[in-house]
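Engineer: Let the sequences and hints guide you as you build the complete structure.
Here the protein sequences line up with chains A and B, keeping their order. By the count of UniProt numbering, the first sequence reaches residue 460 at its end, each step adding exactly one. By the count of UniProt numbering, the second sequence reaches residue 460 at its end, each step adding exactly one.
Please keep in mind that the hints were generated in silico from the structure rather than gathered at the bench. Treat the hints with caution; some may be incorrect.
No copy labels: a pair is met if it fits in one copy or bridges any two.
Stated by the list, open to error - 30 Å max Cα-Cα, derived DSS-like pairs, lysine-lysine:
| hint | residue 1 | residue 2 |
| --- | --- | --- |
| 1 | Lys373 | Lys160 |
| 2 | Lys24 | Lys75 |
| 3 | Lys46 | Lys307 |
| 4 | Lys95 | Lys69 |
| 5 | Lys95 | Lys136 |
| 6 | Lys324 | Lys115 |
| 7 | Lys242 | Lys391 |
| 8 | Lys136 | Lys46 |
| 9 | Lys111 | Lys95 |
| 10 | Lys89 | Lys413 |
| 11 | Lys123 | Lys46 |
Protein chains: 2
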Amino acid sequence: MEFSEWYSDILEKAGIYDLRYPIKGCGVYLPYGFKIRRYSFEILRKLLDETGHDETLFPMLIPENLLAKEGEHIKGFEDEVFWVTHGGKTPLEVKLALRPTSETTMYYMMKQWIKVHTDLPLKLYQVVNTFRYETKHTRPLIRLREIMSFKEAHTAHATKKECDAQIEEALTLYKAFFDEIGVPYVISKRPEWDKFPGADYTMAFDTIYPDGKTMQIGTVHNLGQNFAKTFELEFETPDGEKDFVYQTCYGISDRAIASLISVHGDEKGLVIPVDVAPIQIVLIPLLFKGKEEIVMDKIKELNNTLKSEFRVHLDDRDIRPGRKYNDWELKGVPLRIELGPRDIENGHALIVRRDTGEKITVEYSNILEEVEKIVSMYKENLKLKAEEKVKSFITVLDFENDVNSLSEKVKAKLLENKGIILIPFNESIYNEEFEELIDASVLGLTTYEGKEYISVARTY
Amino acid sequence: MEFSEWYSDILEKAGIYDLRYPIKGCGVYLPYGFKIRRYSFEILRKLLDETGHDETLFPMLIPENLLAKEGEHIKGFEDEVFWVTHGGKTPLEVKLALRPTSETTMYYMMKQWIKVHTDLPLKLYQVVNTFRYETKHTRPLIRLREIMSFKEAHTAHATKKECDAQIEEALTLYKAFFDEIGVPYVISKRPEWDKFPGADYTMAFDTIYPDGKTMQIGTVHNLGQNFAKTFELEFETPDGEKDFVYQTCYGISDRAIASLISVHGDEKGLVIPVDVAPIQIVLIPLLFKGKEEIVMDKIKELNNTLKSEFRVHLDDRDIRPGRKYNDWELKGVPLRIELGPRDIENGHALIVRRDTGEKITVEYSNILEEVEKIVSMYKENLKLKAEEKVKSFITVLDFENDVNSLSEKVKAKLLENKGIILIPFNESIYNEEFEELIDASVLGLTTYEGKEYISVARTY
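Structural biologist: The following block contains the structure:
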């Protein structure tokens with residue numbers, strides 16, 4: 001099955017996201033999908049809270065004159081902004097944009113809060129919906145008109161040094177986040193022509209989808225003093241001088257969810273990383289005539305034992321076990337535990353791993369410990385598999401002075417192996433003309449195994 | 001100080017909400033305010049999750065034809081809907097409403113999901129931003145153009161009986177929620193002319209603000225089959241017949257936060273209920289020359305002891321203790337613990353309650369237990385005080401056949417005691433004409449101490 005078909009199919013069948021809403025690029029997070037989102041963003045929140053970021057909530061509407069304040073920024077967004085022009089039947093005096101992102105909103109407010117160096121650093125974030133009038137093909141959780149979950153962090157600092165250090169902190173946080181949700185990544189410094197509108201430079205996380213195309217899943221922008229000058233974010237330094245703050249911003253969206261689904265899934269359905277799984281363990285009783293009560297009693301006991309540490313679901317529906325297996329494999333539940341009369345007689349239980357399909361018979365008396373062990377193997381394996389997949393998608397080419405010959409080789413490799421092609425850095429090909437020649441995107445400058453490359457790929 | 005002045009003042013000074021945004025009725029949840037919101041809505045989420053409600057996320061934009069599908073419903077909202085008319089520079093073919101509430105969105109989708117009685121009950125909720133083009137005076141967290149937090153639950157049932165039972169469940173949940181965040185309430189069945197547009201009837205929670213005006217803080221609507229017929233929510237019953245589902249919906253907004261602030265605050269600032277306090281205990285070291293290290297070591301130890309159960313903050317700023325006391329009293333931190341050299345010598349610590357101002361010397365060796373005891377007294381006291389306040393605002397009048405004389409008495413009482421006036425039910429005054437006569441609102445039918453009354457009040 002083609003990846004994109006598999007993807008649409010699994011979103012519907014596993015109850016992740018329903019796109020049958022009468023506006024293109026707008027859909028519904030279904031209960032199961034919402035739980036994955038909730039657990040994922042809780043991990044992100046925890047990482048941010050622990051490093052001194054404060055959660056806030058800013059307005060969704062932006063007056064036109066405020067959005068237009070930063071020239072480059074508005075140029076980057078003006079074709080894709082939704083505009084509110086009426087309240088009831090009354091035309092508004094100033095039209096209002098649905099936030100495409102919140103720099104202008106947040107920096108307008110920061111102006112009220114930042115007066116002196118002791119007000120800094122300021123490290124804020126919010127998790128909100130944002131909007132883009134996409135005219136291109138939309139794709140659920142990947143290219144939406146309503147991005148339902150956008151975690152955007154915005155920081156302000158007294159010195160360039162602290163600002164640069166914040167970029168490092170953001171990269172570290174995002175690495176930790178993607179590691180925890182099991183999504184592998186390649187980090188690149190985006191080329192000038194593809195950086196965030198208004199930024200000094202942009203660092204980006206890309207992952208690779210099963211079809212070999214890359215997906216941008218996180219960005220970290222060093223804004224320098226650009227926005228600060230526009231928004232007059234001036235403060236008094238310890239020496240009593242005036243200076244503009246240095247700023248960073250960084251964001252992660254629903255694409256994190258799309259990616260953890262896409263990277264791990266297989267032909268049977270989802271394979272969910274343990275930490276974000278709505279159900280971590282499903283219990284299936286194997287009922288035989290006359291033994292129903294013994295089995296149900298035992299499996300309820302097991303449910304209680306495991307509940308203290310895991311999100312467990314006891315599937316006691318009156319359908320045959322085989323159908324239950326299929327249902328929960330489709331939904332990507334990490335572990336399934338089967339318990340029948342013979343298991344109980346022998347003091348055993350059967351654990352089945354979703355990632356490898358492996359069946360493991362364990363001592364019932366020791367089950368919590370056994371489950372913990374298998375859960376940590378599952379985590380380790382998912383991480384390894386994801387990293388291997390990404391590695392298998394990376395090809396290193398030699399640089400050649402003959403641009404035409406080089407670009408032919410790149411194109412051939414992109415057709416053959418897909419994924420990311422790395423070429424040792426050379427200024428002569430680091431430009432948009434090269435993108436046109438290879439009919440693919442320059443992701444930017446990527447450090448890989450200690451060396452610096454230009455990375456190129458077909459992107460989503 | 002006037003209540004409304006106190007309220008605006010405290011939002012700013014305590015860092016709850018900043019309204020200096022260039023759109024009327026739109027503002028920013030600041031870090032401290034956001035935490036109160038987060039803890040409050042977590043309580044609500046937990047209550048909903050435990051009773052089988054599933055969290056979801058639906059689109060924010062509603063096509064005009066979908067919003068207009070239910071005639072009464074759209075009539076109730078059409079004057080206050082914000083309309084998106086353009087994407088970039090392109091006029092949209094169908095204009096899009098910013099959701100004022102999500103009945104139409106959700107029921108359009110329910111049509112895709114409900115086919116047969118086994119698909120029921122369906123109990124969904126979401127916590128989202130909603131929008132009203134308010135032309136009246138706006139007020140932070142009370143009357144907003146962007147309602148930043150709206151928890152809306154929507155359920156569908158196979159029978160009227162189950163639907164009615166769901167109304168009871170919703171009332172029970174909301175009671176538990178307001179009890180936990182310490183906001184007292186009076187429940188009324190709203191009169192016909194004030195029910196939710198499209199509902200069979202509306203039950204509402206009102207609390208009373210310090211100025212004697214009531215604030216609607218939660219509503220529970222029995223929609224019967226009204227929306228189901230419009231949205232064709234038909235299903236196959238166990239007998240193979242066709243029927244329309246029975247529906248309820250119920251919502252709680254930022255007003256819950258506004259109310260817990262307003263009901264408990266005093267002239268020194270906020271008094272926050274323990275369960276939603278961003279900081280539950282603040283530790284203040286009393287430093288004397290030469291004893292700094294002893295005190296700091298001990299108070300760090302105390303911090304570690306208490307952290308296991310409470311949200312604790314150690315205030316080690318280099319300012320005098322008096323200023324710290326003021327800061328944390330303003331922010332409404334439930335308990336303050338002071339520790340100085342003499343306390344350490346005597347094996348004591350001093351605990352100060354924010355609600356009563358009481359100072360309690362406790363044995364340091366037993367401090368966790370002592371704190372737990374005081375915390376539970378604090379909770380109990382806040383609940384009692386809030387209930388007493390509401391009771392003191394309730395006046396019962398006798399019914400009189402002479403409507404003019406009765407309305408004069410109501411008006412006098414409203415001037416004198418403010419709050420809610422209860423009048424034994426009589427059909428002759430249960431109408432909008434009576435509202436005009438008394439220049440106040442009929443809240444509806446209220447059961448109070450076992451009897452049924454018509455309740456009237458000045459409302460926000």
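Engineer: Hints numbered earlier in the text: which of these fail when held up against the supplied structure?
Structural biologist: Violated: hints 1, 7, 8 and 10.
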